[in-house]
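Enquirer: In order, the protein sequence lines correspond to chains A and B.
Counting from 1, position 168 in the first sequence corresponds to residue 168 in this note's numbering; the numbering is continuous, with no gaps.
Counting from 1, position 13 in the second sequence corresponds to residue 416 in this note's numbering; the numbering is continuous, with no gaps.
There could be a bad hint or two in this list.
[Said to hold, decoys possible] Residues of chain B clear of chain A, computed beta-carbon distances all greater than 10 Å:
1. L450
2. T500
3. S543
4. D569
5. K636
6. R659
7. P703
8. R750
[Unchecked claim] Listed next, the in silico DSBU-like pairs over lysine-lysine satisfying Cα-Cα at most 35 Å (straight line):
9. K538(B) / K709(B)
10. K199(A) / K602(B)
11. K488(B) / K572(B)
12. K233(A) / K547(B)
13. K138(A) / K669(B)
14. K144(A) / K636(B)
15. K266(A) / K541(B)
16. K636(B) / K135(A)
17. K199(A) / K547(B)
18. K669(B) / K199(A)
19. K538(B) / K233(A)
20. K636(B) / K233(A)
21. K538(B) / K199(A)
22. K138(A) / K309(A)
23. K435(B) / K488(B)
24. K488(B) / K144(A)
25. K602(B) / K135(A)
26. K636(B) / K394(A)
27. K538(B) / K266(A)
28. K541(B) / K199(A)
29. K85(A) / K547(B)
30. K797(B) / K394(A)
31. K602(B) / K138(A)
32. K602(B) / K144(A)
33. K266(A) / K547(B)
34. K602(B) / K266(A)
35. K669(B) / K135(A)
[Claimed, not checked] Restraint-style ranges between C-beta atoms, simulated for each label pair:
36. P703(B) / S207(A): 52 to 60 Å
37. E484(B) / G180(A): 35 to 43 Å
38. K135(A) / R467(B): 48 to 56 Å
39. Q539(B) / V331(A): 48 to 56 Å
40. E782(B) / S207(A): 51 to 59 Å
No lab work stands behind these hints, which were simulated from the structure alone.
C-beta atoms are modelled at their ideal positions from N, C-alpha and C, and glycine is treated no differently.
There are 2 protein chains.
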Amino acid sequence: MGGDSTETHPPTPQQEAVVTPWTVSGVIDYDKLIKQFGSTPISEQLLQKFQALTGERPHVFLRRGIFFSHRDLNELLTRYEQGDKFFLYTGRGPSSTALHLGHLVPFIFTAYLQRVFNVPCVIQLTDDEKFLFAKQPKGSEAPKPLEHFQQLARENAKDIIAVGFDPEKTFLFTDTDYIGYLYSNVLKIQRATTYNQAKGIFGFTDSDNIGKHGFPAVQAAPSFSTSFPIVLKGEPNMRCLIPCAIDQDPYFRMTRDVAPRLTYSKPSLIHSKFFPALQGENSKMSSSIAESAIFLDDTPKKIKTKINKYAFSGGRQTIEEHRRLGANVDVDVSYRYLTFFLEDDERLEQIRQQYASGQMLSGEIKKELIQILQPLVEEHQRKRQLVTDEVLDKFFEIRPLKF
Amino acid sequence: MGGDSTETHPPTPQQEAVVTPWTVSGVIDYDKLIKQFGSTPISEQLLQKFQALTGERPHVFLRRGIFFSHRDLNELLTRYEQGDKFFLYTGRGPSSTALHLGHLVPFIFTAYLQRVFNVPCVIQLTDDEKFLFAKQPKGSEAPKPLEHFQQLARENAKDIIAVGFDPEKTFLFTDTDYIGYLYSNVLKIQRATTYNQAKGIFGFTDSDNIGKHGFPAVQAAPSFSTSFPIVLKGEPNMRCLIPCAIDQDPYFRMTRDVAPRLTYSKPSLIHSKFFPALQGENSKMSSSIAESAIFLDDTPKKIKTKINKYAFSGGRQTIEEHRRLGANVDVDVSYRYLTFFLEDDERLEQIRQQYASGQMLSGEIKKELIQILQPLVEEHQRKRQLVTDEVLDKFFEIRPLKF
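With the rest of the complex left out, here is chain A:
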């Protein structure tokens, strides 16, 4: 899993959108992306099916279109209705100790899916990917050793576990630890994929290292339940649902292409939009730019300062103008962040109306957001504290999950 591009740029209207696992830039038109990738928008009907099956309102990420696209989700839910269990698979490329709010989005959503469907979940930490794809540092600095990424994986795992995964039903693994179990499926996927195909999907070049060429199979392998002979108790063809940001889709398009040739079920997918940088919608945040995001170890004071200082505002230049024209809610980062983290639909709508009409000022919506994010991040830090090495080892232990 990439998902932490260092090539994120602030959008300019002229810029053509680029969405690959390693680069997200430009103004992203998500409807266009659905057409380009050949996935399916999440319909009102599908949301109703969610509600019927789970007995509760769909997650805010669903009803607000943050998870907006899918592949074969309808079919997976129909099978589930008929009694077929599935397993969840998501992951992360450990590239930095400092996770930001956006990194939590797929995990919050996956933990929700685990809870409402009562299913097992496997989480891959692609330390190998980050080692192979790391840019050569400039000047005389040595490239980061493999051990660096293995250590980051353990640090990131603490943040993931803190989101609230069920310890009885969740297995975390790093590729370098778990490759022995993945390798058979990795080989089968690799044999079924030519370099020409991989070039077409991932844009590899001949001057890339040879590890990059083979890596997509390592991210594909956990889509198949046979990669988890112990963890999923030898289920030979359990269906898989993969929640991920839309930029990871190329991996799973490839996976779905090869699945029938391996006599496996194609994994289903559910795609999220990107969590915007403080500087503006339609771009991803970067762990290497402190001002671009709210980080999970930021203090309440820092959160306040960052939002007040950097959160791109849709408000007007002067109070008079703002009162007269109202805010441009569509580009306002504070409002956008509230759509992720303010659960109360009515309050959110109230804020939208008041802000769009000019009744609410930019400073006021920022204050609302600060009041939500400060306790949210503090609560996360508290929960992360509870993730001791012992807890971590429990999640990493290769053991049969409960399901």
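Given the structure of chain A, go ahead and fit chain B onto it with the hints provided.
Expert: Frame of chain A; chain B shown alone:
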């Protein structure tokens, strides 16, 4: 390890020699190959060093030039003299249950090195390679599954063990079983190798599957002692000596190129010529052509028939002509086979003289060979019978070797 090409052709004088891990064809000029590969011929001086260090005459494979080329062997022996242990690394790509005599050559030699230097030995069975590189079968036949090659690896291991490796000092592994231990070094080697480099060394193309591109790192990894944290007791940089047929050299040229960037010692190499097919010198045998070789499960009767019927003769068309001109010993397969398996130097020289002078007939030299190979193969079969599953498991067990 490839070493079992199905693209072996009988040589024609016009044919340009091709020597890669997957194809050996044409008339091979070994002196030219040494220049082309940039290795070093084994000198008389080096043989004397062997004798001094081991206290016995060098193996027939050495004194008859069957192992004829090396890289840094002199340096390795000097270090050994100063007290530095090394480990032996060789291997095989399991492509067939029916091994032939030629397959034994590197193992006989490696077992000899293990005995005279009293060093540990690791033997890689590249089931992953054979799965990735297997040709697509013709027509509607399904490609062989991974399990097929895993099973072949166990069968081949019995033949290897029967050669006489020390159970206390020898570790056998299949890549699919052992990849977890290799993976860190595989990644480090992959990151240090671009596709352009791999293309240059191995002749990969863009329509190859992506597993092939990464595989050379899997064959390279066991050259470094850190791939054996348990087996070699955590030795961080123990020197390695690799006995192999010269066609495997490209893997280890690559390995030696990347070693310094990984702060590892370059492995030393000792190269053998090819064991000729019954049909003639200067070509490799093929497991898929029964008449091309003496197989290790051939009966005494079959051995006799094969040699009499197929062993290419340097004898003349008529007895009269033969008595007058003598045999062309250089192209005579029976004589060549005797150079591998007749240990008595004097008797061999006697045969050579008598045959070259026309005193000995083609049928007579074939009889000499049959009398040597029949008991040799029978003895191998007897020893192989003793390799029970229990013995096999012992060699495959991940455990500290004695050294």
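Enquirer: Hint by hint, note whether the structure agrees.
Expert: Against the structure, the hints come out as follows:
For L450(B), the shortest C-beta to C-beta distance to chain A comes to about 38 Å, beyond the 10 Å cut-off, and the non-interface label holds. Under the 10 Å C-beta cut-off, the non-interface status given to T500(B) relative to chain A holds; the minimum distance is some 21 Å. In this structure S543(B) is separated from chain A by more than 10 Å, as the shortest Cβ-Cβ distance comes to about 15 Å. For D569(B), the non-interface assignment is confirmed: its Cβ lies about 27 Å from the closest Cβ of chain A, beyond the 10 Å cut-off.
The Cβ of K636(B) lies farther than 10 Å from every Cβ of chain A, with a closest approach of about 21 Å, so its non-interface assignment holds. Every CB of chain A is more than 10 Å from the CB of R659(B) (nearest about 17 Å), matching its label as outside the interface. Every C-beta of chain A lies more than 10 Å from that of P703(B), the closest at about 40 Å, which supports listing it as non-interface. Every beta carbon of chain A lies more than 10 Å from that of R750(B), the smallest distance being close to 49 Å; the non-interface claim holds.
Restraint check for K538(B) and K709(B): the C-alpha separation of about 28 Å stays at or below 35 Å, so the hint holds. Restraint check for K199(A) and K602(B): the C-alpha separation of about 15 Å stays at or below 35 Å, so the hint holds. Straight-line distance between C-alpha atoms of K488(B) and K572(B) comes to about 13 Å, which keeps the hinted pair within the 35 Å bound. Pair hint K233(A) plus K547(B) holds up; C-alpha atoms about 26 Å apart against a cutoff of 35 Å.
Distance hint between K138(A) and K669(B) is fulfilled; the C-alpha atoms sit about 27 Å from each other, no more than 35 Å. Using a Cα cut-off of 35 Å, the hinted pair K144(A) and K636(B) holds, with the two alpha carbons roughly 26 Å apart. As the CA atoms of K266(A) and K541(B) are separated by approximately 27 Å, the hinted pair is consistent with the 35 Å bound. Restraint check for K636(B) and K135(A): satisfied, since their Cα atoms lie roughly 34 Å apart, inside the 35 Å limit.
For the proposed pair K199(A) and K547(B), the alpha carbon gap of about 26 Å is at most 35 Å, so the pair holds. Only pairs whose Cα atoms come within 35 Å are accepted, and K669(B) paired with K199(A) is accepted, the gap being roughly 33 Å. Only pairs whose Cα atoms come within 35 Å are accepted, and K538(B) paired with K233(A) is accepted, the gap being roughly 34 Å. Using a Cα cut-off of 35 Å, the hinted pair K636(B) and K233(A) holds, with the two alpha carbons roughly 34 Å apart.
Of the pairs offered as hints, the one joining K538(B) and K199(A) holds, with about 22 Å between alpha carbons and a cut-off of 35 Å not exceeded. A C-alpha spacing of about 31 Å is found between K138(A) and K309(A), which places the hinted pair at or below 35 Å, so the restraint holds. Between K435(B) and K488(B), the direct Cα distance comes to roughly 33 Å. Compliance with the 35 Å bound is thereby established for this hinted pair. Annotation: proposed proximity of K488(B) to K144(A) holds, straight-line Cα distance about 31 Å (limit 35 Å).
Between K602(B) and K135(A), the direct Cα distance comes to roughly 22 Å. Compliance with the 35 Å bound is thereby established for this hinted pair. A threshold of 35 Å between alpha carbons decides the hint, and for K636(B) with K394(A) the separation of about 28 Å falls inside it, so the pair holds. For the proposed pair K538(B) and K266(A), the alpha carbon gap of about 26 Å is at most 35 Å, so the pair holds. Only pairs whose Cα atoms come within 35 Å are accepted, and K541(B) paired with K199(A) is accepted, the gap being roughly 27 Å.
With a CA separation close to 31 Å, the supplied pair K85(A) and K547(B) stays within the 35 Å bound. At most 35 Å may separate the alpha-carbon atoms for a hinted pair to count; K797(B) and K394(A) meet this at roughly 32 Å. With a C-alpha separation of about 27 Å, the suggested pairing of K602(B) with K138(A) holds against the 35 Å cut-off. Distance hint between K602(B) and K144(A) is fulfilled; the C-alpha atoms sit about 26 Å from each other, no more than 35 Å.
In summary, the hint linking K266(A) to K547(B) is supported, as the alpha carbons are separated by about 22 Å, within the 35 Å threshold. The hinted pair formed by K602(B) and K266(A) meets the criterion: a straight-line CA distance of about 33 Å does not exceed 35 Å. For the suggested pair K669(B) and K135(A), the alpha carbons sit about 26 Å apart, so the restraint of at most 35 Å is met. As the Cβ distance of P703(B) to S207(A) is approximately 57 Å, the hint placing it in 52 to 60 Å holds.
Checked against the given bound of 35 to 43 Å, the beta carbons of E484(B) and G180(A), roughly 39 Å apart, stay inside it. Between K135(A) and R467(B), the C-beta spacing of about 53 Å keeps the proposed range 48 to 56 Å intact. Taking the beta carbon of each, Q539(B) and V331(A) are about 54 Å apart, inside 48 to 56 Å as hinted. For E782(B) and S207(A), the Cβ-Cβ distance of about 53 Å falls inside the hinted range of 51 to 59 Å, so the restraint holds.
In terms of the numbered hints stated before, the structure departs from none.
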